[in-house]
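Asks: Read off the chains here:
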Amino acid sequence: MATTQKLNLRFSWEAMLCVVLVMSLGLGRGLSAEFLGTANVSNLLADFTEIALMALPMTLIIVAAEIDLSVASVMGMSSALMGVLWHMGLSMPLVVVLVLAAGILAGLFNGLVIVRLGLPSLAITIGTLAMFRGFSYLLLGDQAIADFPASWTTFGISTVGDSFLPQPFILVIIAAVGFTVLLQSTAFGRSLYAIGSNQTAAHFSGIDVARTKIKLFVMSGFMSALAGIIYTLRFSSARGDNGEGFELSVVAAVLFGGVSIFGGKGSLVGVLLSLLIIGVLKNALTLYDVSSEVLTIVTGLLLLSSVLVPNMAERLRAARIKRVMAAKAVAAR
Amino acid sequence: MSDQPTQPRLELRGASKAFGEVQALLNGCLSLYPGEVHALLGENGAGKSTLVKILAGVHKPDTGTLVINGVQRHFARPSDALEAGIAVIYQEPTLFADLSIAENIYMGRQPLDRLGRIRYDEMNRWTQEILQSLGVQLKATQLVRGLSIADQQVVEIAKALSLNANVLIMDEPTAALSRPEVERLFAIAERLRAANVAILFITHRLEEVFRLTQRVTIMREGAAVHFAMTAEMDHDSIVARMVGRDLSTYYPKADVTPGEVGLSVRRLSRTGVFRDISFDVRKGEIVALSGLVGAGRSEVARAIFGVDPVDSGEVYVMGQKLKLGKPATTVRAGVALVPEDRRQQGLALDMPIARNTSLTVLNKLVHFGLISGKAERALATEWGSKLKLKAHTVDAPAGTLSGGNQQKVVLGKWLATHPRVLIIDEPTRGIDVGAKAEVYQTMADLVKEGMAVLMISSELPEVLGMADRVLVMHEGRITADIPRDEANEERIMAAALGQTDPASRKAA
Amino acid sequence: MSTTFMSQHSQSLAPVANPTPERQRWFLVLARNRESTLLVVLLLLIVGTGLAEPAFLSWHNARDVLLNVAITAILTAGMTVVMLMRHIDLSVSSTLGVTAYAVGSLFIAIPGMPVPLAIVAGVLIGVAAGCVNGALVTFGRVPSLVATLSTLYIFRGIDYAWVHGGQINATSLPDAFSHIATGNVLGLPILVVIAAVVLAGVGYYLKFFRGGREFYAIGSNPEAATLAGIRVNRRVFVGFLLSGALAGLAGVLWLARFGTVDASTGKGIELQVVAAAVVGSVAITGGVGNVWGATLGALLLGVINISLVVLRVSSFWQLAIQGALIVLAIVSDTLLSRRIAKWSMKKRELG
Numbered sequence: 001m002a003t004t005q006k007l008n009l010r011f012s013w014e015a016m017l018c019v020v021l022v023m024s025l026g027l028g029r030g031l032s033a034e035f036l037g038t039a040n041v042s043n044l045l046a047d048f049t050e051i052a053l054m055a056l057p058m059t060l061i062i063v064a065a066e067i068d069l070s071v072a073s074v075m076g077m078s079s080a081l082m083g084v085l086w087h088m089g090l091s092m093p094l095v096v097v098l099v100l101a102a103g104i105l106a107g108l109f110n111g112l113v114i115v116r117l118g119l120p121s122l123a124i125t126i127g128t129l130a131m132f133r134g135f136s137y138l139l140l141g142d143q144a145i146a147d148f149p150a151s152w153t154t155f156g157i158s159t160v161g162d163s164f165l166p167q168p169f170i171l172v173i174i175a176a177v178g179f180t181v182l183l184q185s186t187a188f189g190r191s192l193y194a195i196g197s198n199q200t201a202a203h204f205s206g207i208d209v210a211r212t213k214i215k216l217f218v219m220s221g222f223m224s225a226l227a228g229i230i231y232t233l234r235f236s237s238a239r240g241d242n243g244e245g246f247e248l249s250v251v252a253a254v255l256f257g258g259v260s261i262f263g264g265k266g267s268l269v270g271v272l273l274s275l276l277i278i279g280v281l282k283n284a285l286t287l288y289d290v291s292s293e294v295l296t297i298v299t300g301l302l303l304l305s306s307v308l309v310p311n312m313a314e315r316l317r318a319a320r321i322k323r324v325m326a327a328k329a330v331a332a333r
Numbered sequence: 001m002s003d004q005p006t007q008p009r010l011e012l013r014g015a016s017k018a019f020g021e022v023q024a025l026l027n028g029c030l031s032l033y034p035g036e037v038h039a040l041l042g043e044n045g046a047g048k049s050t051l052v053k054i055l056a057g058v059h060k061p062d063t064g065t066l067v068i069n070g071v072q073r074h075f076a077r078p079s080d081a082l083e084a085g086i087a088v089i090y091q092e093p094t095l096f097a098d099l100s101i102a103e104n105i106y107m108g109r110q111p112l113d114r115l116g117r118i119r120y121d122e123m124n125r126w127t128q129e130i131l132q133s134l135g136v137q138l139k140a141t142q143l144v145r146g147l148s149i150a151d152q153q154v155v156e157i158a159k160a161l162s163l164n165a166n167v168l169i170m171d172e173p174t175a176a177l178s179r180p181e182v183e184r185l186f187a188i189a190e191r192l193r194a195a196n197v198a199i200l201f202i203t204h205r206l207e208e209v210f211r212l213t214q215r216v217t218i219m220r221e222g223a224a225v226h227f228a229m230t231a232e233m234d235h236d237s238i239v240a241r242m243v244g245r246d247l248s249t250y251y252p253k254a255d256v257t258p259g260e261v262g263l264s265v266r267r268l269s270r271t272g273v274f275r276d277i278s279f280d281v282r283k284g285e286i287v288a289l290s291g292l293v294g295a296g297r298s299e300v301a302r303a304i305f306g307v308d309p310v311d312s313g314e315v316y317v318m319g320q321k322l323k324l325g326k327p328a329t330t331v332r333a334g335v336a337l338v339p340e341d342r343r344q345q346g347l348a349l350d351m352p353i354a355r356n357t358s359l360t361v362l363n364k365l366v367h368f369g370l371i372s373g374k375a376e377r378a379l380a381t382e383w384g385s386k387l388k389l390k391a392h393t394v395d396a397p398a399g400t401l402s403g404g405n406q407q408k409v410v411l412g413k414w415l416a417t418h419p420r421v422l423i424i425d426e427p428t429r430g431i432d433v434g435a436k437a438e439v440y441q442t443m444a445d446l447v448k449e450g451m452a453v454l455m456i457s458s459e460l461p462e463v464l465g466m467a468d469r470v471l472v473m474h475e476g477r478i479t480a481d482i483p484r485d486e487a488n489e490e491r492i493m494a495a496a497l498g499q500t501d502p503a504s505r506k507a508a
Numbered sequence: 001m002s003t004t005f006m007s008q009h010s011q012s013l014a015p016v017a018n019p020t021p022e023r024q025r026w027f028l029v030l031a032r033n034r035e036s037t038l039l040v041v042l043l044l045l046i047v048g049t050g051l052a053e054p055a056f057l058s059w060h061n062a063r064d065v066l067l068n069v070a071i072t073a074i075l076t077a078g079m080t081v082v083m084l085m086r087h088i089d090l091s092v093s094s095t096l097g098v099t100a101y102a103v104g105s106l107f108i109a110i111p112g113m114p115v116p117l118a119i120v121a122g123v124l125i126g127v128a129a130g131c132v133n134g135a136l137v138t139f140g141r142v143p144s145l146v147a148t149l150s151t152l153y154i155f156r157g158i159d160y161a162w163v164h165g166g167q168i169n170a171t172s173l174p175d176a177f178s179h180i181a182t183g184n185v186l187g188l189p190i191l192v193v194i195a196a197v198v199l200a201g202v203g204y205y206l207k208f209f210r211g212g213r214e215f216y217a218i219g220s221n222p223e224a225a226t227l228a229g230i231r232v233n234r235r236v237f238v239g240f241l242l243s244g245a246l247a248g249l250a251g252v253l254w255l256a257r258f259g260t261v262d263a264s265t266g267k268g269i270e271l272q273v274v275a276a277a278v279v280g281s282v283a284i285t286g287g288v289g290n291v292w293g294a295t296l297g298a299l300l301l302g303v304i305n306i307s308l309v310v311l312r313v314s315s316f317w318q319l320a321i322q323g324a325l326i327v328l329a330i331v332s333d334t335l336l337s338r339r340i341a342k343w344s345m346k347k348r349e350l351g
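As they're listed, the protein sequences go chains A, B and C.
Numbering-wise, UniProt numbering puts 195 at position 195 of the first sequence, and it's gapless, one number per residue.
Numbering-wise, UniProt numbering puts 171 at position 171 of the second sequence, and it's gapless, one number per residue.
Numbering-wise, UniProt numbering puts 92 at position 92 of the third sequence, and it's gapless, one number per residue.
Each hint can be trusted.
Calculated pairs, EDC-like style, for lysine to aspartate or glutamate (alpha carbon to alpha carbon, straight line, at most 16 Å):
no., chain 1, residue 1, chain 2, residue 2
1, C, K207, B, D121
2, A, K265, B, D350
3, B, K326, B, D311
By construction, these hints were calculated from the structure, which means they are not laboratory data.
Let the hints inform the model, and build the full structure from the sequences given.
Replies: Written as structure tokens, this is what we have:
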């Protein structure tokens, strides 16, 4: 069955992403000599810390055919809460713990409403997107709190030793490894693919769909809160509007990484590559003096191509199978 | 067809259709003449539905020609079929739940005034007239959401009637209808036939074929294999051509002495669905749960398994009381459920075979918290070979397999949990003859190993061929418990229709 | 006897329709009159705020609310059309931004341009944007969430690239154009009258024309829509065109109302629009909703915002309340329809 074998050759999005990554690195080098310099690489990595932290749980959520649009609002709320708690005179470690707990609660709220009432996560998290952002304005209004202890804010901006690696980025690496293992090689990860692929069948197979999904939203809340803390420390500024609009960048990065919006398909490797590509392109074009707002065109085009290209490949493949099968049917008659 | 003076109204020749790598139709042929009711027969999976969808313009055939009133036609979309006068009543009503009955019937062809506005009053009046002619008490302005399946079917029929179609295709229209409704439908079919309409009638009930139809086309494995006048056929000759092999070799019933009780159900009730269900299944025994569609059989199975809620009652597995309501708990207690709807409930079709197989035993494949892909593939390969699964690789998506092989994957995924009780709902629905025999053989092997099997089935021969005991349900209650040697079609049928079975020993 | 006998239904068909009128249940009344319920809530809010702060019930306030809501309501009408089809259009805010800037630039390039021409130009730009979305969703088979999220970025990026830090000021606009927002017809701002006419037109189309009903059909059951002979792709395409055209119109009106437009005009408004539609009981799962309800949703959100200002509640409450309202609206809609489903099952059982 040589033909069938050939037909089964699947289009590998991850391989494609690798090629794109190398090309964008080449582009960056071509556009600017300082692109691969230590300082710039350090900037490049630091700039997508928060997006990456939120994209990791988002990948798991979208694989399970749900979505969480409230991540950036939870991030902003965490940042505001951090400022408020610090001003209340609590010690930094306690502040951090409380903020992370608040993030968990926000995620739990999303999860419980969506799962217990069986409501579409898209609609509910659009609602909580507004709600949590509203909370962050309620907490801090339009003030900014910037007097965090220097020992903490230096963590936000310094690198590991003399290397290019920003200290907060270590958290990204740890989380990336953790989430990749969780999704790609644990029972929990497997059940996410099953839920995203066919929720009923997953339920019939004895998987506790409700509890799994609540866990996902809680993880998302926790990671968003963590992102909020890092962001606040990096810019040493707690503000109600921190991270506004980040949710779309996060979703875009996940989808460009080859995760299907319908669930059941995609890998964290793809998402990590996608994050790198977006980071590299943004950085390279910024060095070339393209404004960050105009760069959204690139994000949009990448997002579109993530669906259009595999769609076209699949269409070509289906047409080829159809021809083969029709020929077989004629031959069999 | 010497006794057919006219040209056929519709003629399909050599139609084939593949979905991905599954060849659903290989050689579909059909001639339909005005003024006849024509039966299209065949087992599930023989390609009838695909053929119907080609006639309806839903699927474009890969090969073949379609001639209507002597003119070759290509349907690009369903509206082309409608314009050609072909109306289809599907098995599953395809209606707009959020719209009124009248809008459902006239969608896309609503009566308009000069400015192109929809004339609701006229549309509602026409609809009401059709509904009245069908003798149902439905309101034209009522929303479809909340209608029973039977009522939705009535809306479908009304839609076809409103189309004044001269070719009417009915894909198992009687499946969800009560006796009086079937009679009413037959009366309508007769009237339409007298008005020179060509009717294609698909059913599983052979007595309907003999009562209503003039000619039959029999399909098997994607091809039309026999054309005849209905009067020239009898029950056995039709069945033989549908099945295409000797029936007696079909059921490898194992001779096992039942052991201790494996599954015990006591006074299980769910308001409005089933009531007071009590029975035992012993180790080494196959108990069939029979009855009509809608009698509550699958619902009982799902309730035992914990997918559906129950209001009262208890279930014991190997003597241990089962905590109801969580499938995970039920699985741990040693119960497996091969569900009714393979594609919806049994498999994640986009996922590889191996990952489908491992879904029920993920926790057993874990070493230091990580899943071993090697162990997973080994598991799938092991069960694949035990169940004679035909697949190139266990990494192929389950959706690329044929129905029979998909069923083997579902079976494998459950047998991998080493259950002590197997509940199997419609074990052979929609799978080909060869795979059927293999599924039966597997069931026979399982009871030899001491498995307690509860089999839900609508296929009478299967029930009679495989079961040690037959429980019959009617409107949510068990109405008969018949041992194998006393079971026959008449007794099961009578109990399924609600007559009490005097000789039956009351279940447990 | 047949080989299979699965094909008989064991229950005789009891007529479900009950000709004799019976006591109306509260949940049925609520469900059948979602819009009226919303209207009551709206009136209560207005009366309540008026009692607490009589200055609220001023003509000036009413005018402000109407001017603000008119633009959101037009966008919400477009969103309603798209959501009826079980799709979503997140790109409306970017389309609005691009259109507002483009029409402003047109006025600078051709100072004497007649106002109707400006409106037509705006709508055409919107149509072009809708065309891109429609093509992506139908021909490209890109899920609408992804497609319009992408175009949200792309249109906004184009806007930034084009504007390049500049902005349009009211001084560059002819008085005849600003008159749309400042002038009155029958005592109402012209802008509001335009919006009302457009909303009525879209609402009427959805109710009384085949094309309008097909939006409902597609969202209610896409498969059945195909079977009923509806050209689903074409209709979905038209739906996105319509949404784009309305966003374009909203862009023109925005320019007339605010006069000042830069590259960030209308940023983030897409979520407000979705919120208004959802609060106005347009189902995100398609098939249910109408322009009247959506407009009420937009009005309710607009009145809440003004009430907060009048009651001197910090405007920081706005967003939190808006979010809570969305969640509440979806939850109550779902619980209500579940209650009804349960009740009709019980009713059927009792015969």
